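Asks: Please build the complex by placing chain L on the supplied structure of chain D, with the hints as guidance.
Chains as they are written, first to last, in this note's numbering: chain D, 887 to 1653; chain L, 4 to 169.
Just so you know, the hints here were simulated from the structure itself, not pulled from any lab data. Any given hint could be a false lead.
As a list, the in silico SDA-like pairs of lysine to any residue whose alpha-carbon atoms are at most 25 Å apart [stated by the list, open to error]: (1) L:Lys91 x D:Ser892; (2) L:Lys95 x D:Arg1403; (3) L:Lys91 x D:Arg1072; (4) L:Lys95 x D:Thr1398; (5) L:Lys91 x D:Asp1400; (6) L:Lys95 x D:Gly1404; (7) L:Lys91 x D:His1401; (8) L:Lys91 x D:Met1119; (9) L:Lys95 x D:Met1552.
Not close to chain L: a few residues of chain D, all C-beta gaps over 12 Å, as computed [unchecked claim]: (10) Gly1192; (11) His1321; (12) Glu1457; (13) Lys1511; (14) Thr1575.
Small disclaimer: the values here were computed from a predicted structure and weren't measured. The beta carbon of each residue, even a glycine, is placed where N, CA and C say it ideally should be.
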Amino acid sequence: MRTVNSLIGSPIERFEDLRFLRGRGEYVDDLAARNDMLHAAILRSSVAHGRIRSIDVAAARALPGVHNVITAKDMGNRVPRVPMRLQPLPEFERFGQPVIAENKVRYVGEALAVVLAGTAGIAEDALGLIEADIEPLPAVADRHASAAEASLLFEEVGSNLAMRFRALRGDASAAFAGAPYIRRERFRTQRHMALPMEPRGLLAEWDAARGRLTVYGGAKVLFFNRRTLAKQMGLPESAIEIVENDVGGGFGARGEFYPEDFLIPFAARLTGRPVKWTEDRREHLMCVNHAREAECDVEIACTREGTILGLRGHAYVDVGAYMRTNGAVGARNVAQFMSGPYRIPNIDIDVALQLTNKTPVGTYRGPGRFETDFFRERLLDMVAQDLGLDRVEFRRRNLVSQREMPYQLATITPFESKDELDSGDYHATLDRCLHEIKWSDKSKLAGKLIDGRYHGVAVGCFIEGGAAGPKESARIVLELDGRYSVYVGSSAIGQGLETVFAQIAADALEVTIDHIRGVFHGSTSYVGDGYGAYHSRSVVMGGSAILDAATKLREAIRTQAAQRLACQPSEVEIVDGVKAVGPGGKSIGLNSISDAGISADGAFLNKKHTYTYGTHAAHVAVDPKIGHVELLDYVLVEDCGRIINPMTVHGQAIGSLVQGLGGAMMEHLVYDQEGQLLTGSLADYLIPTASDFPNLRAIVFGNHPSPINPLGAKGAGEGGIIAAGGVMANAVANALSALGVEPRELPLTPTRIWELVQAASSNKQSV
Amino acid sequence: MPVKFRVNGRQVEVDVEPRLTLADCLRHHLRLTGTHVGCEHGVCGACTVIVDGAAVRSCLMLAVQADGAEIVTVEGLSSDAELTPLQKSFRKHHALQCGFCTPGMITTAHALLSEEPDCDAARVREVLSGNLCRCTGYIPIVEAVLDARAAYQPKAGTRDRGGDRA
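If we strip away everything but chain D, and leave its shape as in the complex, we get (with noise of 0.2 Å):
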């Protein structure tokens, strides 16, 4: 006997796992070498911006081994853009990133040329023979560069501002005007970067004879990246298959249309040969997308009680040398999630995206929220410091209530694109957050010197946008041994999709999991129309699309079922999946059925965001003589609607925080004023190891279900990124309390709290 509906909510283990373990994934570069395979490796741009004079290509394509060396004179006078996936305004345009550079450069790490050997090592071998003539430039580094515009990345386009996008709500101008109490502060995040344990790598392969291209290494968005490809090498879209591999990470950069998305097909199709590419670390660091470089000079009005008026300000964000696929999502998300989960009813804040010589900008798992958490809620406890208000009242005092649902956001210009907030108990989250962390009894430690450290606490509010539309596509299939096959348009990037897909559709269906024969997602031959996996879509849209063919795959089956056993579909019942019983209890086995090929597709359409929502409060340590800082310990709570499995959303939830808190304590992507990469090494770039944040703990709940998806699912994995700036920072000052230290920029490295410290004492001596 089985319940219905008893895997959704289980702590199923994955079936993923059992490849991973034994090594048996199959990564891009784990694929069997083709014959007359060439290698591709990429010269690249050391110079942040500047003319090209010449590529002189000649010794390179004289050495012994190397086939081919394609530069932008390759491709005609057609060289093709890197598109905007997601805003795609046609301002973005003038600003778009040519495949290879084409008469400038304008970023370290920019392709100029691509070599094409019989091994990878020639082929790296002939990087070095390769004569790039570059006219220095003088680099643009920093927005305050950008803005100057003495040096113009777009001399035709006359300016380095690509966009400036504005939040509004209410009247900010006049809440401002009649309010009792204004503070004005500038904080500023720094840039980083998802950086996935899996560099990037492509396969590709062009069949002349039948004028088909298969691209291996796709990742997250494989649809839309087909039909870029297919418009910018002149074929059609059905010409093109992208498959999936297993993906070793993705954190919203993996996946993204990068140049060498062209790159490898054309060198493909121009050699007739298949030619693979693997990308080294160094690379990825330049050349993926980067994130997080953000400014913001922000302005609260309050009531001397406590109630927040209105929230006005300008930001600024680096977004590098070009606009390229889902670039303007994190300014984007700076302008509208600047008020995070708070009841702020007039709200201006503009942002203004700067180019600099930098790599281009794309998304990091919750773009545009790590930076306003950080900006926001060290604000909120600079506000309740200055009031004598109590932290935690004053925020629960300025929470968006549970019947205030759903909540309007500020309205984002130039779209005019409207968002609320859809459901939820934001008190609820705090007042476990604080239980959890035992607040009461941790907040008399504040500020406290304890054996040379002092103690400090902090909590902070986040919310977590999910289910981006317009649409996501499954098809169900009942093989001829009575299992089914589930096809979907989502992507897998390592979060256990195919284990949480077939919980679903095993209940959808009213079978056990082991009649799902496996979830399939790899390839854009599997489903007529995909949208992928982002925004953390993948649950609520794929999803509810697994619900919608099941609910018509049992119709199709019902129909075959009453054929067979003279009745009307109507009058079917189908018992366990495995049967369909008509009246008086004739019944036939699926399995005898299936010959007649029954499948069917489904598809969940949306134009609204889930919102997942919680709270994290840390308890740290800092030694003021070294700047380090001990995490004694972290608790995150958030309710992200219906859980499918229990065990993967805790997984991602502590995973997030650990990424959130290498955002706020380390990793930084460093660039000198030459617009040089300083940070181009694993041994530079520091991200989180084993032994640096051991002392954490992540609660999950679904106590409120979204309202708007069958499924009541909303989106998760982002929310242990998003608070972790801000309250670290706020639990840093709040143990510094004494010194007067007051963090406005973000990583708080141990280099950074000493000057701090150094820079207060030397303040109050000096009083």
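Replies: Below, chain L alone, put in the same frame as chain D:
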């Protein structure tokens, strides 16, 4: 130049360029693609294999240096029949998501537990701090390794370098 070594109990002979790393030799010459390459400069630990009993970064070792060595990769620590106790523990504790760092975690943890079956959490964290994971936040990996210690106790049976084959 020709190199002979044993990998996962099997004697192999390969003809390699002197500059070929052991990682690339295992992956592309011997098709043992469970050993992953994440940084090629010895920081991430994804390419960790066991060479003569010690956990080693195969991206920092040349294939020619492996001449005469006994090498175990993640494939050698696995069986078709069922997961090993260490692998089962990883699955139970959800100690992997994308799976890319996992082979390096398994080989590193196996080498540690083989030598120090009584190690504590701090020791596990210290040893694993040479293996980067971007998905899990490490907490479940540490729990998985600690939970697998029982399988490495001498009384649990004979231990060999080929791992605890189930």
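Asks: For every hint, state whether the structure bears it out.
Replies: Results of checking the hints against the structure:
Annotation: proposed proximity of L:Lys91 to D:Ser892 holds, straight-line Cα distance about 23 Å (limit 25 Å). With a C-alpha separation of about 22 Å, the suggested pair L:Lys95 and D:Arg1403 falls inside the 25 Å cut-off, and the hint holds. For the suggested pair L:Lys91 and D:Arg1072, the alpha carbons sit about 50 Å apart, so the restraint of at most 25 Å is broken. Restraint check: the Cα-Cα separation between L:Lys95 and D:Thr1398 comes to about 20 Å, which is no more than 25 Å; the hinted pair holds.
Distance restraint check for L:Lys91 and D:Asp1400: the Cα-Cα separation of roughly 19 Å lies within the 25 Å cut-off, and the hinted pair is therefore satisfied. Straight-line distance between C-alpha atoms of L:Lys95 and D:Gly1404 comes to about 21 Å, which keeps the hinted pair within the 25 Å bound. At most 25 Å may separate the alpha-carbon atoms for a hinted pair to count; L:Lys91 and D:His1401 meet this at roughly 23 Å. With a C-alpha separation of about 47 Å, the suggested pairing of L:Lys91 with D:Met1119 is violated against the 25 Å cut-off.
Using a Cα cut-off of 25 Å, the hinted pair L:Lys95 and D:Met1552 is violated, with the two alpha carbons roughly 31 Å apart. Remark: the non-interface label on D:Gly1192 is consistent with the geometry, its nearest Cβ contact in chain L lying 34 Å away (cut-off 12 Å). No Cβ of chain L approaches the Cβ of D:His1321 within 12 Å, the least distance being about 21 Å, so the stated non-interface status holds. Taking the minimum C-beta to C-beta distance to chain L, about 44 Å, the non-interface status of D:Glu1457 holds against the 12 Å cut.
The beta carbon of D:Lys1511 sits about 24 Å from the closest Cβ of chain L, which is more than 12 Å, so the claim that it is off the interface holds. Not every CB of chain L lies more than 12 Å from the CB of D:Thr1575, the least distance being 4 Å, so the non-interface label is violated.
Violated hints for the displayed structure, listed by number in ascending order: 3, 8, 9, 14.
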